[in-house]
Every structure is written in structure tokens, then in C-alpha cells.
Amino acid sequence: MIEAVGLRYTYPDGTVGLDGVDLRVAAGSIVWVAGPSGGGKSTLVRLLCGIAGENGVVEGHVHVAGRPLRGIPRAGRPEHVGLVQQEPADQVVAGTIADELAFALESSGWAPDRVAARVAEAIGWAGLVVEGGGHPTWALSGGQVQRLVTAAALAAGARVLLLDEPFAQLDTDAIVALSERVRAFAADGGAVVLVEHRAEACLPLADRVVVLAEGRVALDAPSSAFVAGSAEVAALRRVGVHLPGVLSLADRAAPRPLSACRLAAAARPPVGGEVPPLLVARALTWSWPGATRPALDGVRLVVGPGERVAVLGRNGAGKSTLLDRIANDRAAVRTGRLVVVPQDPDLVLFRRTVYDELAYGLLEAGWSRDRVHARVMGLAGLLGVGGKLEAPPHALSRGQRLRVAVGAAWASRPELLVLDEPTAGQDAAHVAAMFDAITDDLGASALLFTTHDIGLALVRATRVVLLAGGRVVYDGPPAGATAKLGAAGLGVPEWVALCASRGLPPCDPDAVEVS
Amino acid sequence: MVALDPRVPLVLLGCLGCLVLAVDQTASLAGLAGVGVVALAGAGRGVPWLRVAAALAALVWSTALSQGLFYGDLPRVVWVQLGPIVLWREGVVHGLEQSLRFVALTTAGAAVAVRVPPDRLLLGLRALRVPGPLALMVAAALRFVPQVVRELWWVRASRASRGRAAWRRWPHQWLLLELELLVPVVARSWRRAAALAESLDSRGYDPDVARASWRPLRMRPGEVALVVGAVAGTAVVCGVRALFWAYGQDLFYAAPLRPLYAWARAWL
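Residue numbers (our numbering), protein chains in the order written: chain E, 1 to 515; chain P, 1 to 268.
Keep in mind that the hints were calculated from the coordinates and are not lab data. Glycine included, C-beta positions come from ideal geometry on N, C-alpha and C. Careful: at least some of the hints might be erroneous.
Derived Cβ-Cβ restraints for the label pairs, each shown as a range [to be verified]:
no. : chain 1 : residue 1 : chain 2 : residue 2 : range
1   : E       : Gly124    : P       : Trp49     : 38 to 48 Å
2   : E       : Val275    : P       : Ala197    : 44 to 54 Å
3   : P       : Phe70     : E       : Asp13     : 16 to 26 Å
4   : E       : Val129    : P       : Arg218    : 19 to 29 Å
5   : E       : Val275    : P       : Gln173    : 34 to 44 Å
6   : P       : Asp206    : E       : His61     : 15 to 25 Å
7   : E       : Ala391    : P       : Ala193    : 19 to 29 Å
8   : E       : Gly443    : P       : Pro171    : 28 to 38 Å
9   : E       : Gly60     : P       : Ala160    : 46 to 56 Å
10  : P       : Gln173    : E       : Pro392    : 12 to 22 Å
11  : E       : Arg300    : P       : Gly233    : 55 to 65 Å
12  : E       : Ala283    : P       : Ala210    : 55 to 65 Å
What the simulated footprint calls covered on chain E by chain P, stretch by stretch (three residues with Cβ under 8 Å from a Cβ of chain P suffice, anywhere in the stretch; the number is not a length) [as the list claims (entries may be wrong)]:
no. : segment
13  : 75-84
14  : 108-117
15  : 299-308
16  : 332-342
17  : 348-355
Model the full structure from these sequences, guided by the hints.
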């Protein structure tokens with residue numbers, strides 16, 4: 001259905017983004033493109049859609065259904081290839097669902113009655129019938145926006161769907177809902193290229209895995225080959241992609257005992273006593289202007305020194321609102337000195353180089369240049385940006401920018417570090433390194449983070465707070481959270497269920513060995 | 001404003017732009033600024049009222065004060081004198097005029113940006129014969145205004161949380177830091193613009209090719225009346241202003257127009 005031959009992309013500064021990539025995706029096939037941040041995944045999907053070559057040099061060929069992509073006029077491309085990029089909200093151009101779905105059809109010159117029929121069909125595909133075509137796009141949840149832009153990409157009848165990190169900001173249910181639609185599209189003869197870091201969602205969905213590293217195909221194998229202990233899994237790990245889902249898949253095939261289970265609970269520091277808390281929010285209630293129900297409804301949250309608190313919940317449960325109130329509502333929330341890293345790392349990077357960014361907080365705190373240098377070098381190494389110290393932060397990949405933002409925030413030695421979705425767009429190895437860097441040096445400070453990665457929360461946090469509809473439905477140790485995930489509308493990850501079935505608390509799947 | 005034909009707010013915004021340029025009287029400019037503020041108030045969703053009001057008040061105050069202190073044209077009259085510091089009345093008035101013009105246009109522009117979806121805005125601009133690339137640029141820029149304002153607040157808050165307060169520095173350090181704060185906002189806007197452009201590109205949008213529309217623009221009778229009234233009113237005001245200017249320059253004078261001259265002197 002879509003075929004890339006010898007695809008090579010060179011940025012204007014001479015950097016090679018893709019280096020001779022061959023990729024063939026047949027009709028009815030879903031290919032998961034995995035790999036470390038900066039490996040060329042996003043560049044690949046853009047080239048497959050024919051839009052990344054404006055500033056750099058493109059070599060090689062892309063054929064869609066046997067036709068060269070370059071030979072298809074721009075207005076006709078939506079009828080062949082649909083693209084959904086990262087940050088779906090940035091791609092919305094229309095004010096209502098129906099207008100958004102109609103945009104590509106209007107570009108292709110469809111007649112109004114044909115557009116209306118296709119829009120109605122696409123609304124059904126996206127699962128937005130309840131909202132209806134006149135519903136404003138700004139009022140949709142993250143999962144709904146993702147389904148909307150996906151439906152909009154396919155509205156003109158594209159038979160190739162290119163998805164760039166579609167699951168990054170979605171909760172489990174939203175991932176399932178989108179996965180079902182992607183699977184149905186493929187079953188109907190479509191071809192899907194899926195770029196994503198969340199292995200647990202992609203491996204069951206894809207029938208082939210292609211790993212890109214440093215602009216080249218490092219591995220191309222059927223997804224069935226990715227079982228525990230296989231050479232494919234080892235190869236993935238070498239490029240920083242970890243597969244927690246592999247454990248349960250392997251276990252289903254041939255039950256084997258687990259050994260060497262590193263319990264997160266063992267590393268948890270004692271909390272409480274006479275130490276004053278670093279954050280106190282009691283009966284916090286908040287409504288956004290024009291909203292029909294409160295985003296937060298009587299939330300009580302107290303965080304003490306040394307705690308690592310994960311806030312979990314579905315899209316729209318109130319997680320980001322809670323962090324916003326913690327950062328801005330001085331009347332209702334009492335905190336120690338806190339630094340917030342928002343979902344969008346761009347908003348906190350304002351120095352000229354990565355080095356300056358990491359050093360800023362330390363220099364402000366009066367550290368000597370030598371101490372600052374040692375600290376920055378150590379931190380940069382842990383965060384995987386040691387080779388980028390002289391680069392402008394905004395020139396880095398999204399994952400790298402996020403790590404620099406977290407590192408810079410942490411380097412300023414706050415009493416409370418608040419991270420909003422620190423895993424979005426990050427590969428597992430870098431997430432692990434980032435949390436290690438913070439945890440090892442937490443001391444009397446505290447960490448509060450929101451995430452959709454339930455496994456990360458259960459393993460990395462000392463306490464889990466579950467939000468649903470703006471209310472706290474659970475606040476306690478991670479071990480007890482597993483049973484309460486359903487109350488927050490969240491599913492239990494396969495490997496967590498596996499641990500529970502064996503009487504084990506949630507453990508770090510990357511540390512588990514199958515004997 | 002969502003329900004309006006997008007050409008209506010665009011035409012009204014254009015009329016307001018003409019009027020703020022044609023008018024010099026402080027009271028009239030205050031009225032036009034009021035129109036902009038009311039339009040923004042009607043926009044409602046997501047507007048941080050206290051911050052907007054504080055920023056506008058600070059803008060008007062600081063412009064009037066700085067112009068009052070440093071006004072150099074003659075004639076000028078002392079309004080307030082505190083030792084060597086003199087506040088010139090004409091300077092304050094001039095500062096008020098300039099800041100009220102700015103307030104009128106920015107608030108009205110923000111109202112359009114907040115309430116008219118970018119695709120409808122694009123359609124409206126194209127219907128008004130604005131060239132495709134320019135229409136796309138304007139629609140995208142207006143769409144991002146509210147987000148850029150929100151992000152600027154975020155960046156400032158973030159910087160403040162990571163170190164000393166900005167004012168506890170030497171002035172040149174403070175200035176450099178203030179300039180650096182624009183970098184994240186510009187970078188984010190650039191990235192957002194690129195994402196939007198690629199989204200449009202991948203959906204077959206070509207700024208040089210006329211687009212079909214499944215919901216063609218149709219003005220209702222009330223909207224037509226509003227547009228005609230606004231354009232006619234603006235044309236009249238600009239015409240009177242031109243006549244008054246010609247009279248002031250000794251280029252043209254007609255005795256029957258004396259009441260008009262008096263009205264223009266009082267209000268324009």
C-alpha cells in the first residue's frame with residue numbers, strides 16, 4: 001500500500017535525519033515504528049506524507065498504491081494518505097467537529113452534499129455522535145481530540161494512516177478506543193504506520209515492528225517474535241525501548257516463574273512524623289469559566305518531605321487542573337518553594353544553551369562555578385543530554401527538551417517538584433534515568449507528578465492519588481491502588497495483573513527476569 | 001460571535017481600525033476602547049479578566065505618564081509640578097490618545113481571535129478578497145494570540161520559581177532576562193505554527209487555490225444591515241474628518257458645513 005525506498009533526509013545544517021530507510025507496509029497491516037527519541041521516527045512519517053522536504057534535502061522515493069507520492073497533487077493527497085502528528089490540539093483548524101472533518105474534503109473540492117454524508121460517517125467513526133457535528137472542538141477531551149484529528153485525516157478516504165505518538169497523552173480507555181478504530185481501519189484494508197513510545201499499547205496492536213535508531217532501520221521483525229528473552233527484545237533494549245507487556249505475553253504462552261523482582265516499596269522512605277508538610281490543599285474546589293461542573297471538587301492533598309506522589313486519572317479527571325491550582329492558587333493551596341514543569345517543556349526553557357539552562361537555578365542559589373559545573377555535568381549525563389550542552393534547548397527533540405526542563409527545575413533545588421505528564425513522548429530508558437536522577441537526590445524535598453503510565457506510578461511513587469470527575473477516589477500506597485484503578489475509570493496493565501496473580505506487589509517490569 | 005458570518009466581525013474590526021485612526025478626541029477614543037472591551041467581554045471563554053484589566057490599565061497609565069513627563073512639542077501647559085518634575089497636560093492627553101487606540105484595537109482583535117474559529121476566519125478573509133497566503137497568515141496569527149498571552153504568563157512564573165526575583169538585579173541583567181523570556185514563547189509559537197501548517201498541508205490545503213466550502217458564507221438580513229451601517233457610519237466619520245482636515249489646512253471651506261466643523265472639533 002505504501003512503500004519507501006532508500007529514503008534519506010538531510011537537514012539544512014547537514015545533519016542526516018534519515019539514512020536510506022526502506023519500508024513497505026501492505027494493505028491490512030499495522031507497523032509499529034519504535035526507537036529512541038531523535039532516531040528519525042517523526043521525520044519518517046512526515047516524509048511518507050510528503051511534507052517534510054521544504055527545508056532539507058529528500059532523496060529516495062515514496063509510492064502509495066503504486067503511484068509516486070510526488071506525482072499526486074497536493075489537493076488529492078488526503079484521498080491517499082492521512083497524517084496525525086504529535087500535539088493533536090495544535091492541528092485542529094476548525095471551530096466545530098463537523099467543520100474539522102470537512103476541511104480536507106473542502107480542499108479536495110468535494111460537493112457539499114457528499115461532504116455532509118462523509119462528515120456524518122466520520123463522526124460515527126470517531127465516536128462523537130453524542131457530541132454531534134456542531135460541538136465546539138475546544139470543548140473536547142484529549143482522547144476525543146485525538147479521535148477527531150484521526151477521523152479528519154481519514155475523512156477524504158485515505159487508505160494509509162500515519163500516526164505520530166497518538167497515545168502519548170491518552171489514558172488507558174482512550175488508547176483502547178483509538179486502538180479499536182485503528183485495528184478496524186486495517187481490517188478494512190488500510191495500512192497503518194504507528195510511531196509511538198508506549199510499547200504496551202503498540203505491541204498487541206501491530207503485526208510488525210520496525211526500530212529506527214540514528215536514522216536507520218535497526219530491526220524489522222514480526223511482533224510475534226517479541227517475547228521475553230528473545231533476541232528481538234534484547235535488540236530493542238539496546239536502543240532504549242523496553243517492553244513491559246512482553247512479560248505477560250510470554251507468560252500466557254508458557255507460564256514460568258518470575259524471579260528477581262525488584263520491589264519499588266523497598267526503596268520508599270518513611271513519611272510523616274513531626275515534619276511539616278510541603279503542600280497542603282484542603283477541600284480544593286475549582287471550576288473553569290463556562291464549565292458546567294467543577295474541574296476539582298473538594299480535593300484534599302497533603303504532601304510531606306521525601307514523598308513521591310503520583311496523580312492518576314482519565315483524560316479530564318482534573319489532574320492538570322490540580323497542578324495548575326497548586327501552582328497558582330495561593331489562597332487555597334499552601335506549599336513550600338515549588339517548581340512546576342508543564343506538559344509543554346518549551347514554556348520553561350529560556351536560556352541560550354542547555355548548560356546555561358541546567359546551571360541557572362544553581363547560580364541563582366549562589367553556588368560556585370566549579371560546583372555548578374560538576375553538578376551540571378552529572379545531571380546532563382543522567383538525563384542523556386551530555387552531548388548537547390552547547391546546543392540551544394529549543395533545537396532539541398521533544399523528549400530531550402522535556403528532560404532538560406525537568407533537570408533545570410530539579411537543579412534549582414525546589415522543596416516540591418511538580419511534573420505534569422513527564423513521560424509523554426519519552427522512551428522508557430530515559431524516563432527511568434530521569435526518575436532515578438530525581439529519586440536518588442530527593443532528600444527532604446518531594447515530587448508530585450501526573451501520568452497516564454500506571455506502571456510508572458505504581459513503581460516510582462511512594463503514594464498514589466486517583467482522581468475521577470475532579471474528586472479523589474483513592475489516596476494511599478501504590479499496592480492498594482491497583483484494586484481502586486477501576487473506580488477512577490482506569491484499566492489494570494497486564495503485567496500488574498500478572499504480579500497480583502502471583503501475590504506480588506507491583507514491581508519494575510524492566511528488572512524482572514523470567515527464569 | 002460564533003454564529004455570525006465571519007465577514008461581519010472582520011468588517012467591524014476594520015471599521016474600528018479606521019475610526020481609531022480618524023479620531024483624536026480622548027472621549028471618543030475612550031468610547032471606541034470601550035467598544036473593544038465590551039466585545040472582548042462578550043467573547044467570554046478563557047479570558048483572564050483581572051490580568052487583562054490590570055495590563056490595560058497599566059498600559060494606559062504608563063503611556064500617559066511617560067508622555068506627560070517627556071512631551072516636547074509646543075505649546076504645552078504645566079499640569080502638575082513637583083519640584084523639578086513637570087507633568088505636561090498635552091503630553092498626558094497625547095499618551096491617553098495613543099494608549100486608547102491601542103486598547104481599542106487589541107481588545108477588539110482579541111475578541112475576534114477568541115471567538116471566530118480559524119477555518120471560518122480564513123473563509124471570511126478569502127471572501128473579503130484577501131490574498132490566500134496573507135489570509136492564512138492572519139487567521140493563524142489571530143488564533144494564537146490568546147495562547148501566546150497565556151504562555152507568557154507561564155514562562156514568567158516558571159522563571160520566578162527557579163531563582164531570584166527579576167527586579168533584584170542590575171538593570172541591564174534584568175533587561176536581558178526579560179528579553180530571554182520571549183524565547184520560549186517565540187519557539188512555542190513557531191512550533192505550533194509549523195504543526196498547523198503541516199496539518200493544513202497534509203489535508204490538501206493550498207493557499208493559492210480557491211477552496212470549496214460545504215457551508216458557504218451567507219449573511220442574514222440583520223448582519224447585512226449591521227455591516228452596511230458600520231461601513232456607512234465609518235465612511236461618514238472619515239469623510240467629516242477629511243473635510244475638517246481640509247478646512248484646517250485652508251484647502252476647502254464651505255459655510256453651510258459650519259455645524260459639521262463644530263461637531264468634528266468637539267468629537268473627532
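How the hints compare with the structure:
1. At roughly 39 Å, the beta carbons of Gly124/E and Trp49/P sit within the given window of 38 to 48 Å.
2. Here the CB-CB span from Val275/E to Ala197/P is close to 52 Å, well matched to the stated 44 to 54 Å.
3. As the Cβ distance of Phe70/P to Asp13/E is approximately 46 Å, the hint placing it in 16 to 26 Å is violated.
4. A hinted range of 19 to 29 Å for the beta carbons of Val129/E and Arg218/P is consistent with their spacing of about 27 Å.
5. A C-beta distance of roughly 37 Å is found between Val275/E and Gln173/P, which places it inside the suggested range of 34 to 44 Å.
6. As the Cβ distance of Asp206/P to His61/E is approximately 23 Å, the hint placing it in 15 to 25 Å holds.
7. The hinted window of 19 to 29 Å between Ala391/E and Ala193/P holds, with their beta carbons roughly 22 Å apart.
8. Under the hint 28 to 38 Å, the C-beta atoms of Gly443/E and Pro171/P, about 37 Å apart, fit the expected range.
9. Distance hint check for Gly60/E and Ala160/P: the Cβ-Cβ separation is about 48 Å, which falls inside the suggested range of 46 to 56 Å.
10. At about 20 Å, the beta-carbon gap between Gln173/P and Pro392/E stays in the expected band of 12 to 22 Å.
11. Arg300/E and Gly233/P have their C-beta atoms about 57 Å apart, which keeps the hinted 55 to 65 Å range intact.
12. Under the hint 55 to 65 Å, the C-beta atoms of Ala283/E and Ala210/P, about 57 Å apart, fit the expected range.
13. Note: the segment 75-84 of chain E has 7 residues with beta-carbon separation from chain P under 8 Å; the three-residue rule is met and the coverage holds.
14. Requiring three or more residues with a Cβ within less than 8 Å of a Cβ of chain P, the coverage given for the segment 108-117 of chain E holds, as 7 such residues are present.
15. With 0 residues having a Cβ less than 8 Å from any Cβ of chain P, the segment 299-308 of chain E misses the three-residue criterion, and the hint is violated.
16. Figure legend: the segment 332-342 of chain E, annotated as covered by chain P; annotation consistent (5 residues with Cβ-Cβ distances under 8 Å, at least 3 required).
17. Only residues whose beta carbon comes within less than 8 Å of a beta carbon in chain P count, and the segment 348-355 of chain E has 5; three or more means the coverage holds.
In this structure, the hints that do not hold are numbers 3 and 15, in rising order.
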